[in-house]
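Participant: Here the protein sequences come in this chain order: S and R.
Mapping to numbering that gives the first Met the number 0: the first sequence position 105 is 104, numbers consecutive.
Mapping to numbering that gives the first Met the number 0: the second sequence position 303 is 302, numbers consecutive.
Hint data in this document are derived by calculation from the structure and do not stem from the laboratory.
There's no promise every hint is true.
[As the list claims (entries may be wrong)] Cβ-Cβ distance ranges computed for the label pairs, FRET-style:
1) R:D203 x S:V19: 30 to 38 Å
2) R:G77 x S:T115: 29 to 37 Å
3) R:A118 x S:T65: 23 to 31 Å
Glycine included, C-beta positions come from ideal geometry on N, C-alpha and C.
Number of protein chains: 2
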Amino acid sequence: MTRRILTVTLNPAIDVTYRVDVLRVGETVRVPDVRSRAGGKGVNVAAVVRALGGESVVLALTTTRTPDEFADGLAGLGLAHRLVPALPAVRRTVAVVTRAGGTTMLQENGFPAGGTAEAGIFTALRAELAAGAGAVVISGSVPAGLAADVPAKLARLCARHDVPVIADVSGAALREAAGSGAVLMPNEDELADLAGPGLEACEDLVAAGTPAVVATFGPGGAVAVTDRGAWRARPAEVVSGNSAGAGDAGAAALAMHLTASEVDWPVALADVVATSAAAVLRPVAGEIDADARDKWIPAVEVERIR
Amino acid sequence: MTRRILTVTLNPAIDVTYRVDVLRVGETVRVPDVRSRAGGKGVNVAAVVRALGGESVVLALTTTRTPDEFADGLAGLGLAHRLVPALPAVRRTVAVVTRAGGTTMLQENGFPAGGTAEAGIFTALRAELAAGAGAVVISGSVPAGLAADVPAKLARLCARHDVPVIADVSGAALREAAGSGAVLMPNEDELADLAGPGLEACEDLVAAGTPAVVATFGPGGAVAVTDRGAWRARPAEVVSGNSAGAGDAGAAALAMHLTASEVDWPVALADVVATSAAAVLRPVAGEIDADARDKWIPAVEVERIR
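Using the sequences plus the hints, can you model the full thing?
Facilitator: Listed below in structure tokens is the structure:
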């Protein structure tokens, strides 16, 4: 099966980083060092897929205006993409990184998608599924102007094509995605909000038709619940750093395993935990420390729990 | 004489305002309310000139790329403009306004101007001087890629055309502007940095050929030193609010008075103080509270000090 992974980003971003000495609330700070890159969770997933040796295609909404800084940014990152121009502008996130180490994030919610957005993203996904896909990852928030069930509908389209799909979404979009055929990747809060706390909540979701739930608990590791068993994995060591792209790295690792004809869940779960931790070591979302990942995969403790 | 005021902005900005409930350093905040407008000190001056009943033209560098958000923003504000595309992008300033009232400002330094910037801004200024100008205000910082003496050279061009000119600049640009024929508007720190503290410093500058120094001290009022005398003005009441555009409002008021064949300095200085204070009452730079200004102008205490 192809290891070509499609990522879907309905709410893309230009991720801007401001490096300053100190940030104090209520004061003015000059920003000498400004960097920006194409962002959004699906972009991070696609970048990690490539780092893992896979092939990725970014499907995303983008601005209707030209020049398109988001498209230019994807090209600059060398990421293949198919874009649907349906947003008045691409939102920005501003990460204010101080020398002492703290990072303050300002995340614009995004601009409302136009009326052609939904049809456009379906057409784009159909075209890429026809070109061949090993798995699809639908990530991140849904912009105003699109219904919360769009990720679920996109997941159903993938399922109808027998292509494994991950929905790494939250809130109303996550509730809609449960039962769509997508593997879900909630964090602790999202899981509690969706189905209650703990293992039983994951089992309820699987009993109701979700193929697998991979619940992630940051430094606490992750749990995978499927209809063939359940496993818990704990990282070999707890790392500190930039947690912003850890979940996206885990989704990329899982997507690579989902392309197999039969998923080896304990191995996949260890990879999710190791790859997430390897992303925390890097200052930029969408990157992983490959040496750390190689070292950690065999060291992750995986335990069968059901 | 015409009351048409030209403002020159070498380092324009897109001023973005984020409204959030709370901002805490080191945390992530979602930004539901994003607004942006064309900014830069000369843009604020032009907007206040209009509010004072004058006619203004914004001369500014801008991006070489299209669509030009800065140009669109000026059009949206209804401000006449002549732009020189010579920057790779227009910098952004981000004001994070919290519900509790504090505002945190992140000001990008700006992108380096291209090689055609200096020739372009001189051509633009010559064309607008030929079209008729009552006064010129050169405001704000000088982007990388332009020498610090460009404001001084622009001021000399105005002086050769017998058009009164204000240089509201700082640092090396202010040192270069002293003796260029421009009226200087330093604040307390800028004055101390340029010529030492106090009245004597202003008198030294005037003795060396500066036509007038209007030193501004925020709530402490302002001092005008010219070769025909010196005056001190104190505001009728101390106001609190948004001080970001106060200096620009004062420059706009002074520019209007400089268009007269003979400047009535005590009246002009009272207007500078009242108009600055009237800008503090408004949440957005480039606006003034016209009623407050009308009330305060006659109430400002002006005292002859030399």
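Participant: Within 30 to 38 Å: is that where the Cβ-Cβ distance between D203 of chain R and V19 of chain S falls?
Facilitator: 36 Å, holds
Participant: When you take the CB atoms of G77 of chain R and T115 of chain S, is the distance between them in 29 to 37 Å?
Facilitator: Since G77 of chain R and T115 of chain S have Cβ atoms about 32 Å apart, the given range 29 to 37 Å holds.
Participant: Between A118 of chain R and T65 of chain S, does the beta-carbon spacing fit 23 to 31 Å?
Facilitator: 28 Å, holds
Figure legend: structure checked against the earlier numbered hints; every hint is met.
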